[in-house]
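Protein chains in written order, with this note's numbering: chain H, 1 to 265; chain R, 1 to 246; chain G, 1 to 224.
Please note that the accuracy of each hint is not assured.
Unchecked claim - Pair by pair, the computed Cβ-Cβ distance ranges are:
(1) G:Trp-211 with R:Leu-56: 39 to 47 Å
(2) R:Ala-88 with H:Asn-237: 37 to 45 Å
(3) R:Leu-24 with H:Asn-237: 55 to 63 Å
(4) G:Leu-2 with H:Ile-235: 43 to 51 Å
(5) R:Leu-89 with G:Thr-120: 26 to 34 Å
To be verified - Below 35 Å or equal to it, Euclidean Cα-Cα: the simulated DSBU-like pairs (lysine-lysine) are:
(6) H:Lys-120 with H:Lys-246
(7) R:Lys-228 with R:Lys-71
(8) R:Lys-17 with H:Lys-120
(9) H:Lys-255 with H:Lys-120
(10) H:Lys-183 with R:Lys-17
(11) H:Lys-102 with R:Lys-17
(12) R:Lys-155 with R:Lys-71
(13) R:Lys-143 with R:Lys-155
(14) H:Lys-246 with R:Lys-71
(15) R:Lys-71 with R:Lys-17
(16) H:Lys-183 with H:Lys-218
(17) R:Lys-228 with G:Lys-43
(18) H:Lys-255 with H:Lys-147
(19) H:Lys-218 with H:Lys-255
(20) R:Lys-228 with R:Lys-143
(21) H:Lys-218 with H:Lys-120
(22) G:Lys-43 with R:Lys-143
(23) H:Lys-246 with H:Lys-183
To be verified - Every beta carbon over 12 Å from chain H, so not counted as near; a handful from chain G, in silico:
(24) Leu-2
(25) Gly-54
(26) Tyr-55
(27) Val-58
(28) Gly-76
(29) Arg-83
(30) Ile-172
(31) Val-175
(32) Gly-180
(33) Ser-187
(34) Leu-190
(35) Leu-207
(36) Glu-217
Source of the hints: derived by calculation from the structure; they are not laboratory data.
Where is the CB? At the ideal position from N, CA and C, for every residue including glycine.
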Amino acid sequence: MISFMKKSTVMAAAALALGAGLAQAETIRVGTEGAYAPFNSVSESGELVGFDIDIGNAICAEMQVTCEWSTHEWGGIIPALNSGKFDVLLASMAITPERMEKVAFSDPYYFNTMRFAALKDLGLEDATPETLEGMVLGTQAGGVASKVLNQYFPDSEIKLYPKLGEAFLDMESGRLDLVLESKFALADWMNDGVDCCEFVGQDFLLDGTIGAGMAFRKEDADLRDRVNEALATIIENGTYDEIRQKYFEFDIRGKPIAVSELFGD
Amino acid sequence: MGHGTMEWLALLSFGDKGWGDELLRGLGVTLALSLATFPVAVVLSFLIHWARVSRLGPIRVAARAYTTVFKTLPEILTLLILYYQSQALVDWVSARLVPGGSLSVSPFIAGMIALSLVISAYGSEVVRAALNAVGRGQTEAAKSLGLSRPRTFQKVILPQLWRHAIPGFGNLWVILLKDTSLVSIIALSDLVHVAALAINTTREPFLFYLLIGAIYILLVVLSSHLQKALERRASRGFTRLETGDA
Amino acid sequence: MLDLWLNYRGLWLEGLVTTASLTGLAIVFGFFLALPIGVLRAKSTGLGGWLALGYVNVFRGMPLLVQLFLVYYGLGQFNSELRAIGLWWIFRDAWYCGLLALTLNTAAYQAEIIRGSLQTIPASVYETNAALNLTRWTAFRRVLLPIAFAKALPAIGNEFILLLKATSLVAIITVFDLMGQARYIFSETLDLRVYYIAAVHYLLLVLAIEWALRRIERRFAWMA
Chain H
1 MISFMKKSTV MAAAALALGA GLAQAETIRV GTEGAYAPFN SVSESGELVG
51 FDIDIGNAIC AEMQVTCEWS THEWGGIIPA LNSGKFDVLL ASMAITPERM
101 EKVAFSDPYY FNTMRFAALK DLGLEDATPE TLEGMVLGTQ AGGVASKVLN
151 QYFPDSEIKL YPKLGEAFLD MESGRLDLVL ESKFALADWM NDGVDCCEFV
201 GQDFLLDGTI GAGMAFRKED ADLRDRVNEA LATIIENGTY DEIRQKYFEF
251 DIRGKPIAVS ELFGD
Chain R
1 MGHGTMEWLA LLSFGDKGWG DELLRGLGVT LALSLATFPV AVVLSFLIHW
51 ARVSRLGPIR VAARAYTTVF KTLPEILTLL ILYYQSQALV DWVSARLVPG
101 GSLSVSPFIA GMIALSLVIS AYGSEVVRAA LNAVGRGQTE AAKSLGLSRP
151 RTFQKVILPQ LWRHAIPGFG NLWVILLKDT SLVSIIALSD LVHVAALAIN
201 TTREPFLFYL LIGAIYILLV VLSSHLQKAL ERRASRGFTR LETGDA
Chain G
1 MLDLWLNYRG LWLEGLVTTA SLTGLAIVFG FFLALPIGVL RAKSTGLGGW
51 LALGYVNVFR GMPLLVQLFL VYYGLGQFNS ELRAIGLWWI FRDAWYCGLL
101 ALTLNTAAYQ AEIIRGSLQT IPASVYETNA ALNLTRWTAF RRVLLPIAFA
151 KALPAIGNEF ILLLKATSLV AIITVFDLMG QARYIFSETL DLRVYYIAAV
201 HYLLLVLAIE WALRRIERRF AWMA
C-alpha cells in the first residue's frame, strides 16, 4: 500500500480545491499518529502499518465502509479530531477522565500498560521514585506516561519528546537514563537490534484508565455506537484474535495493576 | 551504530527496503508547498503594501497590525494557531453554506496560508522599496499621458518594478523554501517529516538529516543562480550606470 | 486568558527566561564567530574566502529545524566518540545543543551583514588610515571595525529579532523555552488560548528588543 503516502500528496493537491473532506456516507476518515510501532507506524515502503491499522481496517470492513487514513501530530491529535480533520481517532489512546471531557471513547480494544526501560549500564534492580532520584527520565509529551512521571517522580529530571521515536534515540545515545512508555512499544523497539536497554520493574496502568480506546467527537455518538458494535463482532468472530496473533503472542485485553498501588502511599 | 557505506546506500535505495522513493516524494511535497505558496504570497505582498498606503485610516492601521504581528510571531506559532483555529472558522462558514457538510483544512492548506501571511508581511516591504526605486516621476509622466491608474501600473510601473523587486523576492523565496520544513510538525509528509519516519525505523538520524540538509542547500544554491539569471534578464536595456551596485 | 497565564505563571516565566537567554547568548557568540568569517568574505579571495563562503552557504541553506535535529539527534549518534574526547557534556544537554545550533546559524547571517558593511566603507577611510601610518591591524581594530559595527547595527538588530523567533524551534528538541512551555501547557489543557498567550509573550519581547535597539542605534548613529 504505497498509496498511503501518495494519497496524502494527492489529498494535499485535492485540498487546494478545498475538496479535502465533503463527508461521504461510505467513507470514514480515521486519524492516527503513524509513529508508534507496533501499533501504528509507517514502513519502508511508505505504508501505514500496525495493530491499530489492522484493527481499524477490520472494523471498517465489518461496517462495510471505507477507511481513509491520515496521520497527525500526537500533541494536537485531539484538537485535530474535534476540529473535524477526521472522524475516528485510532491511535492506542488511553481512555482517561481528562480526555473524556474532550472526546467520547469506544469500548477499550486492548490494555496498553506502561513499563520502564533503563540503560543496561545502570544495572537497576527496580524502578521506584527513590531508586530513580536524580536520573533523567523521558517519554512522549501529552501521553499518560508523562502524567505518571510528573506526578510520581518529582526528584528526577523529566524530558518530554514530540515523538516517541525521539525518546528512543536519546536512550540509545545515553541522554536519557530511563524511558517510561507502553511495554509493547518498548518491546518492539528493543527487539529491533537495540542492545542499550532493558526492562526494569513491573508494568502498570494510570489510575482511572480503562484501556486504549478509539475516540470520537462527543456529538458523534451514533458513529461510536456503530464502531462499538463492529468491535464486539470482530472480537466475537475471531478476527480480532487473528490480528492480535500477528503482533503479540499473548492476550492484551487483561487489566494490569494501577500506578497508585505500585508507587502510591 | 557502525553502519558501513554500503548499508547506508541500501537505506537510501528506491523500492520496498529503502527510503529513496519516499524521500523523493517528500521533496515533491516540499517543492509543491513552496511553489503553491509563493505566488499567493507575492500577490498578498502587493495588497498589503497598497493597504499600508491607503487613503483610509482604518485600512492603514489594519495593514500595519498585520505586518507587525506576522513579522513578530515565530512561524511555528502562526502555523499551529492557524492549523487548529482556522478549522473553527471554516466550520462556521461551511455550516452556513452547506448544512451538514464539513470541510477540513489540510496541513498543506494551513501551511500555505500561514506561510503566505508571514512571507507577505516581509514582501510588502520589498514592494514598497521597489516602488520607491521606480520613482514617482514615472507615475506622474504616465498620468500626464492620460493613462488610467490600473493601466499605468500594468504597463509602466510593473515592468520596471520587477528589476528592483527580484532580489528581495528571491530572498523571500529562499526563506519560504526553508520554512516549509515547519509544516512537518503538523505531520505534512514533506522532506523533514519523511526523514523523521525513516529514522524511526532505521535509527540513523545523522545520515538522514545530513542528506536532507544537503538537499535544501542544493535547492537554495540553485535558487540563487536562477535569481541571478532573472536579475540579468530584468536589467537588459538599462544602462550600466543605472544597474551598477549602489 | 489571564487565568491560563496565572495558573502556569511559573512555567511561562521560566520559558521567557530560557528564550531570552538563548537568544541573547546566541546573538553575542554568533557575532564573534561571524567576525572572522565576515572579514574573510569581504577581503580574502583565496582559500579563506572559499571556506567562509562554504560556511555561509551551508548554514544559510539548511532550515534551522534540520540543523537542530542534526546537532541534537545526528551528533547524538556519535556519543561514544564525543565521550572519548570529553565533549559529551555539551552534546548531552539539549539546551547547549540548541545554543550551538543557533550560534552557528546566526553567525552565517551576521557574517554576511559584516561583509556588507565592510564593503561599504568608503575609500577615503582607507586613505586616511594610510596617511596616518596605521598598521593594518590597528587600522582594522580601531577604525574599520567600529565603523563596520555601527553600519551593521540596524541589520544585526533585525537579525536579533529573527533569531528570537527562530529560538522557538528548540522546543522540538525538548528545551522548555516559551514555545516548549506553551506546547506542554497545551498538552495539559488542550486549550488553544495557550498559543495566543505565547504569541503575546513574543510580541512583548520583540517590542522590548526594538525599543532597546533604537536607543543603541542612536548612540552609534554618528559613526555609521
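Hints not upheld, ascending by number: 1, 3, 5, 11, 14, 15, 21, 22, 28, 29, 30, 31, 32, 33 and 34
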